[in-house]
Amino acid sequence: MNIWAVGDLQGCCGALDELLAHPLIQKDPDCRFWFAGDLINRGPQSLRTLKQVIRLGDRAVSILGNHDLHMLAVYAGIRNQNKSDTFDAILKDKHVDELIDWLRHRPLAHYDAGHLMVHAGVMAKWDLDKTLALAEEAHQALISDKWQKNLQKMYGNEPVQWKDKLSGSKRLRVIINAFTRMRLCTPSGEMDFVAKDSPGNQPGLVPWFDVPDRKTSDIPIIFGHWSTLGLLIRKNLLALDTGCVWGGKLTALRLSDRKLIQIDCKRHGRH
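With UniProt numbering, the residue at position 67 of the sequence shown is 67, and numbering never jumps.
FYI, nobody ran anything at the bench for these hints, they're computed from the structure. A portion of the hints provided could be inaccurate.
[Said to hold, decoys possible] Derived lysine-lysine pairs resembling DSS-like cross-links, with alpha carbons at most 30 Å apart:
| # | residue 1 | residue 2 |
| --- | --- | --- |
| 1 | Lys146 | Lys170 |
| 2 | Lys153 | Lys163 |
| 3 | Lys83 | Lys125 |
| 4 | Lys235 | Lys163 |
| 5 | Lys196 | Lys149 |
| 6 | Lys170 | Lys83 |
| 7 | Lys83 | Lys130 |
| 8 | Lys196 | Lys153 |
| 9 | Lys215 | Lys235 |
| 10 | Lys94 | Lys83 |
| 11 | Lys51 | Lys146 |
| 12 | Lys196 | Lys266 |
| 13 | Lys259 | Lys196 |
| 14 | Lys165 | Lys215 |
| 15 | Lys163 | Lys149 |
| 16 | Lys153 | Lys83 |
| 17 | Lys51 | Lys27 |
| 18 | Lys130 | Lys94 |
| 19 | Lys51 | Lys94 |
| 20 | Lys125 | Lys94 |
| 21 | Lys153 | Lys51 |
| 22 | Lys215 | Lys170 |
| 23 | Lys130 | Lys163 |
| 24 | Lys153 | Lys215 |
| 25 | Lys27 | Lys130 |
| 26 | Lys83 | Lys51 |
| 27 | Lys165 | Lys146 |
| 28 | Lys153 | Lys165 |
Working from the sequences, and respecting the hints, build out all of it.
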């Protein structure tokens, strides 16, 4: 069974439709898709995109990204919409409750076939078992009856470093920020949420995956979130956000042999 890992969709359903119609996909009807978060927002077709992924059923695994969490917060009345948000059609859909329920039940990390998928990154102090345990901890907070209250705790930039003794809102915030927002860190692993450009222009900061002594360095990790980083393929690192929503490409990578499919998103446009 082939697995295709797919970068951020961000409401670009035209590009997703083209990917699903690609000859390599059509010739392999049993293949699976791993979506690296940010299914919706900024692009023109958030509702269509969300429904298309849901229609894939068991063929798809999706994790939560920061834009997905933002829409959950807007739905819950925790945050207001931004001018650049494009998920209003979801909030007005007659099945909005079911759509929101499906989305908030997505995990923050997925591990299978020897690969770990997260939206943004993994803190250097976390090994694989810790990563999966903390992702499940946050997942349980988001699917509980008190999910709105728990979601409200995620907003804020501090703490910037993990400590096992953290509890309550600080603990949940670090977990969610690492999985959905992290890009650059200090060499000691403290998260920075200001710099968003490609790495190399931020004195004193390194990409999260280059923090020394990272405990998941021997695990192949798939992630998105960082369009200015673009496509990056290393032995144990697969960065797949290639800026589809900004007129770049939608990237899918087959895990078995690292075969790439890239959809040119300029032809689909943003409106």
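The hints, checked one at a time:
no.: 1; hint: Lys146 x Lys170; in the structure: holds, 17 Å
no.: 2; hint: Lys153 x Lys163; in the structure: holds, 17 Å
no.: 3; hint: Lys83 x Lys125; in the structure: violated, 37 Å
no.: 4; hint: Lys235 x Lys163; in the structure: holds, 29 Å
no.: 5; hint: Lys196 x Lys149; in the structure: holds, 29 Å
no.: 6; hint: Lys170 x Lys83; in the structure: holds, 29 Å
no.: 7; hint: Lys83 x Lys130; in the structure: violated, 37 Å
no.: 8; hint: Lys196 x Lys153; in the structure: holds, 23 Å
no.: 9; hint: Lys215 x Lys235; in the structure: holds, 15 Å
no.: 10; hint: Lys94 x Lys83; in the structure: holds, 23 Å
no.: 11; hint: Lys51 x Lys146; in the structure: holds, 26 Å
no.: 12; hint: Lys196 x Lys266; in the structure: holds, 23 Å
no.: 13; hint: Lys259 x Lys196; in the structure: holds, 28 Å
no.: 14; hint: Lys165 x Lys215; in the structure: holds, 19 Å
no.: 15; hint: Lys163 x Lys149; in the structure: holds, 23 Å
no.: 16; hint: Lys153 x Lys83; in the structure: holds, 23 Å
no.: 17; hint: Lys51 x Lys27; in the structure: holds, 23 Å
no.: 18; hint: Lys130 x Lys94; in the structure: violated, 39 Å
no.: 19; hint: Lys51 x Lys94; in the structure: holds, 13 Å
no.: 20; hint: Lys125 x Lys94; in the structure: violated, 44 Å
no.: 21; hint: Lys153 x Lys51; in the structure: holds, 28 Å
no.: 22; hint: Lys215 x Lys170; in the structure: holds, 22 Å
no.: 23; hint: Lys130 x Lys163; in the structure: holds, 12 Å
no.: 24; hint: Lys153 x Lys215; in the structure: holds, 27 Å
no.: 25; hint: Lys27 x Lys130; in the structure: violated, 38 Å
no.: 26; hint: Lys83 x Lys51; in the structure: holds, 23 Å
no.: 27; hint: Lys165 x Lys146; in the structure: holds, 23 Å
no.: 28; hint: Lys153 x Lys165; in the structure: holds, 17 Å
Hint check: violations occur at hints 3, 7, 18, 20 and 25; the rest are consistent with the structure.
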